[in-house]
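Engineer: Here is how the chains run, residue by residue.
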Amino acid sequence: MDNVVTRRSMLAGAAAGLAAPVVVTAAAPTAASTATTTGATRKITMYAEALPGNLIGYGLAPGQATVPGPILEIWEGDTLEIDLVNTTTQRLSIHPHGVDYSVDSDGSPLNASFNNPGETRKYIWRTRESTPALGRKFMPGSAGYWHYHDHALGTDHGTGGVARGLYGALIVRRRGDILPDKQFTVVFNDMMINNKLAPDTPMFEANLGERVEWIAIGHGATFHTFHLHAHRWADNRTGMLEGPNDPSLVIDNKDLNPGSSFGFQVLAGDGVGPGVWMYHCHVQFHADGGMVGLFLVRNADGSMPPGAQEAIDRFHNHQHSHD
Amino acid sequence: MDNVVTRRSMLAGAAAGLAAPVVVTAAAPTAASTATTTGATRKITMYAEALPGNLIGYGLAPGQATVPGPILEIWEGDTLEIDLVNTTTQRLSIHPHGVDYSVDSDGSPLNASFNNPGETRKYIWRTRESTPALGRKFMPGSAGYWHYHDHALGTDHGTGGVARGLYGALIVRRRGDILPDKQFTVVFNDMMINNKLAPDTPMFEANLGERVEWIAIGHGATFHTFHLHAHRWADNRTGMLEGPNDPSLVIDNKDLNPGSSFGFQVLAGDGVGPGVWMYHCHVQFHADGGMVGLFLVRNADGSMPPGAQEAIDRFHNHQHSHD
Amino acid sequence: MDNVVTRRSMLAGAAAGLAAPVVVTAAAPTAASTATTTGATRKITMYAEALPGNLIGYGLAPGQATVPGPILEIWEGDTLEIDLVNTTTQRLSIHPHGVDYSVDSDGSPLNASFNNPGETRKYIWRTRESTPALGRKFMPGSAGYWHYHDHALGTDHGTGGVARGLYGALIVRRRGDILPDKQFTVVFNDMMINNKLAPDTPMFEANLGERVEWIAIGHGATFHTFHLHAHRWADNRTGMLEGPNDPSLVIDNKDLNPGSSFGFQVLAGDGVGPGVWMYHCHVQFHADGGMVGLFLVRNADGSMPPGAQEAIDRFHNHQHSHD
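First to last, the sequence lines map onto chains E, C and H. Mapped onto this note's numbering, the consecutive letters of the first sequence carry residue numbers 1 to 323. Mapped onto this note's numbering, the consecutive letters of the second sequence carry residue numbers 324 to 646. Mapped onto this note's numbering, the consecutive letters of the third sequence carry residue numbers 647 to 969.
Heads up, a few of these hints could be off.
Taking CB as the label site, the calculated pair distances span [stated by the list, open to error]:
(1) E/L134 x C/K445: 20 to 26 Å
(2) H/N700 x E/T41: 33 to 39 Å
(3) E/D104 x H/E765: 30 to 36 Å
(4) H/E727 x C/D624: 26 to 32 Å
(5) H/K689 x C/I367: 55 to 61 Å
Note that these hints are calculated values from the structure, not bench results. Backbone N, C-alpha and C fix where the C-beta goes; we use that ideal spot for every residue, glycine too.
Chain E with its partners taken away, still in its complex shape:
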C-alpha cells in the first residue's frame, strides 16, 4: 500500500476544490490545511537515505524515505524551497520537471548543482500561471503532473540514483482544479514498477466512487505502455474534458517512457463496479515478467466485494515468469 494518501483530512478544513495543496507524504498524510493565496513559499526538508535492498529513497523526515518518494504538491504561483540532506556516501541531487529553477537549483553536475556525501543543499522551485504571448497565444503555466529525480548519482544524469529509487511525483495545481480523495504514484523504472515486480508491486485501494488520482512516471532505459483496466481518462492536462467540444483523445493505455509523466483522476469503479482491476505495462513480455499490479476497488462502505479476495490470492499464488 505504498504511496497511498488519504485526502479526506485535507479537504475537511476548506471548501472543496479550494483547499491548498501541501506537501504530502506516503507514510504520514499531513493534517488539514487552510487555503492559501498564490505566491506562498513553502519550505521543506528532504532526506536522501539508503534503504534495504540496495535502494535509496527520498523522505520528508529522517528514517521515512520511500520508493517512490513523497508526492510533492503546490499551487501554481507558489515556490517550494527544499533543503535536501544527503545522508548517503555518494554524490546525489534532486532535479524537477515542469517548474522554474535557476542553474544553481538545476540538480546537475553540469552546473555543479548537487550534494556531496553528508551535505545539505537548498533547491528552489518556482511556479507561475500562463502569460499572454503578443496577444495571440499564451505561454504555458506550470500546472501539471510532473516529477523529480536524482541527476548526479553514478553518472552526470543520475543513472545510478534513478535506478536505485531516487524519484517521486510533483504536482502543480491550478486554481479550480478538482482535488482527489486518494493519490497513487506508479513508476515504470526499467523492468519494474516502483522498483518491484509482481506480486510485490503496490496494491492500490479505494472505495467505490472515490476520486482517485494516478500519477504515472517513466524512468530508466526501457520503453513501456501503461494500461489500467475498466477506467479511462482524457489525454490532456487534467485527464478530464473542458466540455463537449474538447477534442482530446480519451485513452486507457499510454506510452510511459523515461523522463515522461502524466496524471489523471478516475472515480473508482464508476460504471463498472467494485472488484480487483489490473494496471500493467501492455508490452506483453513486460506484463508476463511482472510489470503488473492491482487496483482493489472495495464496496462503497469499504467492505470486500465478492470474488475480490480470490483474485488477490490468485495474483499472489501465480508463478510469474521472473520467479
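Guided by the hints, dock chains C and H onto chain E, whose structure is given.
Structural biologist: Frame of chain E; chains C and H shown alone:
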C-alpha cells in the same frame, strides 16, 4: 483486401451522420441499418477459431474468423453483449479497451473471466456519454477508436493469443460523428502488420475522395511508428478539428505501441491525387523488414490511375530484406 | 552553432507576425523579406552532397550542404518547388511530411520518384488551410512542424540516406503564427544528435528573453525521449496555449521516435535566468552515451552569465561513456 468494409449501404437507409453504427465484419458487410436510439443493447455471437498458419482469429459466424477480427462498432450509450464461442483447444477470452465492463467480463484469468476450450461465455460491454465533474470539468465518455484482444491464451496476459491473431478494432461513436465510406484496420503486432509481411500485407483500396477511416492498433512487445504517405490527421478523438482554434497537433506519423490504438478519417487522395501510397512503420529497419503496405487510391470512377499498376508490381517483385 | 538562424532581420521589414516565412538556411540566413499573399509559389534549388565523415547533406547552394539540412519554411497555402540536384554517386530523393504532393513527388522508389546519380529532379510540395467537413468538423490544414528526408538511398525507405544525414526541418506557418527570433533543429538519429555525440553536439545560443523555436525530429531505428531543462511547452500545434481553457498537456519531455517531429517556442531563460541548460535524451544510457547538448542562454546584452563558461568547460572535459 482484408478488413475493408464498404459503408455506402449502411448510409443508404438513414440520414448521413445519423445512421446507427452496427457490428460489421471483414468478410460480410451487414446490410443497411436503421437509426437507433441511445441505450440500445446489441447481441452478437463471436467465434474464436484456429486458422491456417498457426493463427487464431475472431469471427461473427462459424468459419468466418479473420486476422484482425471484425470491426465492432456501436453508438456511445449502447451496450454490446457478446457470446464468445471458443472452438479451440486452449483457454482464451476477449478483453476490450475503452468501454465499461464488470469483473466477470474482464476477460482476464485474474478475475476467472475466460473461456475454457469448447466453452461459450457471455461478455457485456457498456458505454456512456461524458458526465459533469463538480461543474468544472467532464469525466470522459466512451467514444473512441478502441480495440479488443485475447487476455488468457498462453499467459495471463494473452501473449499467445495476441501473437497468433486474436485482436480487432472496436469503435464507439458519438452522436453527430461523421461516418466513413470505408474502414481499414492496421495492427502493428511485433514485427508484422496484421500478422503479415510485405508483399503480403493488406492493400487497402478506395476511390478518389472517398472518406476512409483508419483504425491503428499496437500489439506485442516491440515499438513502432505508423506513417501514411500524402495524408495527415489531427491527433485527437476524431482526427478532425473542432474549428480554427482547435490546438490539436496535426500529424502523419504516430507512435503505435502495445495496447494503444487511434483512428482517423481522410479523404482518399484529397489534394494529392490518385495513386499508390505507402503506409509503413517509420522505424527504418522495420520498414526495410517488411512492415509496409499499400493504399491504392483509384480514380473517382474506380479506374486505375496511370502508374499505379506499375507501382503495385514493383512492390510485389521487390526482394524485401526478410525474404 | 549549427542550424541557428537569426530572424531579427526577417522581421525588420514587416509587421511582427505578418512577415512571410521564407526558405532559410543554416549557413546563410536570408535577408529581410516582404510580406506575401497566400498561394505564392516559391522555387528553390537544393543540392545533395557528400560531406566529410561519410555524411551526406542537403544544402541550398553548391558546397553549402549541412547536417541537418536547411530549415524550409513556408506559409500555409503556398507551394514549394524544389529542384533537387544529386551530386552524389548514389540514388537518393527528398520526401516531405505533412504537405501535399502527387505520386511523382513522393520521393519513393515505389513511385519511381528519386534522383539517379548526377540527376536533377523537381519535387513540388503544396499546402492548404483547413476545410469544413460536412459542417461538423474541419479537415486539418498543412500548418505544422514537419520534416523532410531521403527515401531512396540504400533501401527503398532511404535507410542509408537518413543514417548519413539526409534530413531537415520543414515548417508550414499559419497566418497569425508568432515568428521566432532564432531556430534550432535537433534530430535524434539512432544514438546521435544531428549525427554527433557529446561534446560535439550543437551548443545552441540565445540571449535572455529571445523567442527561440525548437524543431525536434526523430530518425533511425531507436526510440528516445527529448528533454529540455528549465523550459516547457504545450503539446499541441504551436507549443503555446489558445487561452485559459486550452486543455493541452504542458510538458518538458516528449517521445521522439523515427518519423515523428514536433516544434515549440520558448523565451530563453524566462523565469529561470541565463545559464547553460542541457537538452538531452532522457533514456539514461542514451544520455550517458552522449545524446546531450547545451543551450547557452546569455545575459540580455549578450554577455556571458556567471558560471556559464565553467559549465561549458566541464561539458567538454567530461569523459563521456562512449569515449
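Engineer: Give a verdict on every hint.
Structural biologist: To see whether the hints hold, each was checked on the structure:
Checked against the hint of 20 to 26 Å, the pair E/L134 and C/K445 fails, with Cβ atoms roughly 59 Å apart. At about 55 Å, the CB distance of H/N700 to E/T41 disagrees with the hint of 33 to 39 Å. Roughly 56 Å separates the CB atoms of E/D104 and H/E765, a value that falls outside the hinted 30 to 36 Å. For H/E727 and C/D624, the hinted distance range of 26 to 32 Å is satisfied, since their beta carbons lie about 30 Å from each other.
A beta carbon spacing of about 57 Å between H/K689 and C/I367 agrees with the range 55 to 61 Å that was offered as a hint.
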